[in-house]
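Asks: Please work from the sequences and hints to get the whole structure.
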Amino acid sequence: MVVEDPRIERAQAGDLSAFNELVVEYQSLVCNVCLRMLGSQQAAEDAAQEAFINAWRSIGRFRGDSFRAWLLRIATNLCRDELRRRGRRPSSSLETALDAGMPDPPDEEPLPEESALNAELRDGLQAALAELPEEQRTAIVLSDVEGLDYAEIAVAMKTSLGTVKSRIARARMRMREVMLRQPELLPTRFRQGG
Amino acid sequence: MTWFRRSVHPEEDLSAYVDGELGERARRAVETHLASCEACSTLLTELRDTKALLSELPRVEPRRSLALGREFAVERRVVPAPRRMSLSFAPAVALTILVGLLFVDAIDTTGGGSDDSGAFGSAGSTAASRTAEQPEAGTGLALEASKAADAEDSATTPADSAAGQDSAGDGETSRATGGAASAAAAEAVPTEEGDADGAASSALAPPSEASPEPETAPEPLASDSFDDDDQVAADGANGGPEETSLLAEPDDSSGGLSTLRILEIVAALAFAASLLAVFLPRIVRRQER
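From first to last, the protein sequence lines are chains H and C.
Counting from 265, one number per residue, gives the positions in the first sequence under the numbering used here.
Counting from 23, one number per residue, gives the positions in the second sequence under the numbering used here.
If you're looking for bench data, these hints aren't it; they were derived computationally from the structure.
Please read all numbers here as calculations on a predicted model, not as lab measurements.
Here a beta-carbon is modelled for each residue, glycine too, at the ideal position from N, C-alpha and C.
Fair warning: there could be bad hints in the mix.
[As the list claims (entries may be wrong)] To give an idea of the chain H side of the interface with chain C (calculated C-beta under 10 Å), a few residues:
1. V288
2. V294
3. N296
4. L299
5. Q313
6. E410
7. D413
8. S430
9. A433
10. R434
Replies: In structure tokens:
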């Protein structure tokens with residue numbers, strides 16, 4: 265399936281530069297997954313950095329055939345911990361209400377404009393993702409944002425194919441409902457279908 | 023199953039159908055259903071649109087490199103974790119052996135000359151009770167211990183060869199009981215240092231005959247983790263050989279007791295060394311943070 269990368273073996277033998285080559289290759293992927301999990305680029309970069317540090321410390325125990333899935337498991341677990349930490353953080357009810365539905369305050373630098381989606385729709389999608397239960401969010405981010413197949417998602421989430429299938433289905437149904445509620449945001453090519 | 027699929031809209035299968043993740047039979051069932059169900063055809067389009075929208079979310083590039091700095095290079099050296107984890111049991115094993123030996127000693131010396139051995143025995147047992155809780159903490163932190171083992175690489179190399187010898191003689195371990203570990207300790211000494219040779223090999227013979235009964239007590243622990251004993255033994259030997267030979271000489275005059283005493287000292291040293299091996303690197307690491 266996935267060809268064993270010689271850099272993984274070298275990293276397991278303690279070669280930091282080999283590991284850093286892997287970091288360079290995967291940092292964009294990990295960062296984007298964390299971004300969709302957490303909602304802000306700053307939090308995403310912090311989580312991704314921590315994920316690579318944890319991966320380096322435990323790479324000796326990596327035995328799977330998908331390094332990418334293993335890395336994403338570390339990263340999404342960290343995101344989950346971060347979300348729980350946020351959930352425990354004492355805050356007023358208004359803040360809690362806002363936190364639940366809103367993405368983090370925007371970073372100093374705006375997101376790049378390369379996307380075909382307008383800013384309002386992007387925020388709407390991110391807010392809808394933030395409303396999903398964490399496990400469903402992880403599943404649909406890995407599937408629809410990153411394009412992983414079910415088998416790899418199952419490895420990354422340490423669960424069964426059936427569970428992956430149902431999490432993605434439920435997440436997608438919810439995302440669909442949210443989008444249908446705001447048809448004015450959708451690009452014209454999507455409106456005729458609904 | 024077909025009646026079930028027709029009566030309920032197969033949302034979950036529809037979603038997997040969008041991803042091309044259905045098996046042949048399920049895929050055909052969904053297609054049959056879609057042909058006759060307007061609602062599901064619409065739903066299918068909407069699910070596809072949702073997936074398409076999410077895939078078009080903008081991607082970001084990290085604004086800094088996430089590559090790890092040089093300070094991480096020293097932090098971790100090679101080790102498949104599971105094998106090394108066993109070192110955390112070493113202090114407990116060494117302590118068990120030591121207590122067993124002290125027990126034997128106490129029984130042997132109740133007849134005569136109890137003054138100096140009594141002093142040693144009580145000192146040993148207070149030391150034992152003082153440190154009794156620490157091995158448990160050690161087992162809980164097996165991962166840290168594996169790193170500790172890492173730091174002790176040079177120390178464990180002779181132990182590995184000792185382990186090889188030991189597994190070769192595994193068939194005999196049934197008669198060896200708890201004393202075998204200490205015997206292994208003595209064996210490890212000559213491979214490490216030549217001058218301790220005499221003292222060590224003289225210590226080798228007696229334990230199995232000296233104490234048929236009490237030494238069976240530590241057996242389950244000892245046989246459970248034989249490799250550990252060897253590691254401990256070698257660790258102890260590293261620090262120990264000179265002292266053992268020094269201490270052995272004056273004892274020689276007192277005859278039968280001396281070999282037991284030497285074993286006690288070896289076990290005590292093994293215990294101390296294994297404690298150090300497990301905990302010292304952890305303390306150092308903690309301070310580095």
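Asks: A separate judgement is required for each hint: does it hold in the structure or not?
Replies: Verification of the supplied hints:
The restraint placing V288(H) at the interface with chain C holds, with a minimum CB-CB distance near 6 Å, inside the 10 Å limit. The interface hint given for V294(H) is met, as the beta carbon of that residue sits about 8 Å from the closest beta carbon of chain C, less than 10 Å. Nearest Cβ of chain C to the Cβ of N296(H): about 5 Å, under the 10 Å cut. The hint holds. Below 10 Å, beta-carbon pairs count as interface contacts, and L299(H) has one with chain C at about 6 Å; its hint therefore holds.
Restraint check, Q313(H) versus chain C: the minimum CB separation of about 5 Å is within 10 Å; hint holds. The restraint placing E410(H) at the interface with chain C holds, with a minimum CB-CB distance near 9 Å, inside the 10 Å limit. This hint holds: D413(H) has a C-beta 7 Å from the nearest C-beta of chain C, less than the 10 Å allowed. A cut of 10 Å between beta carbons decides the hint on S430(H): the least distance to chain C is about 6 Å, and the hint holds.
Hint on A433(H) holds. Least Cβ distance to chain C is approximately 4 Å, under the 10 Å limit. For R434(H), the interface hint holds, the least distance from its beta-carbon to any beta-carbon of chain C being 8 Å, beneath 10 Å.
Hint compliance for this structure: no hint is broken.
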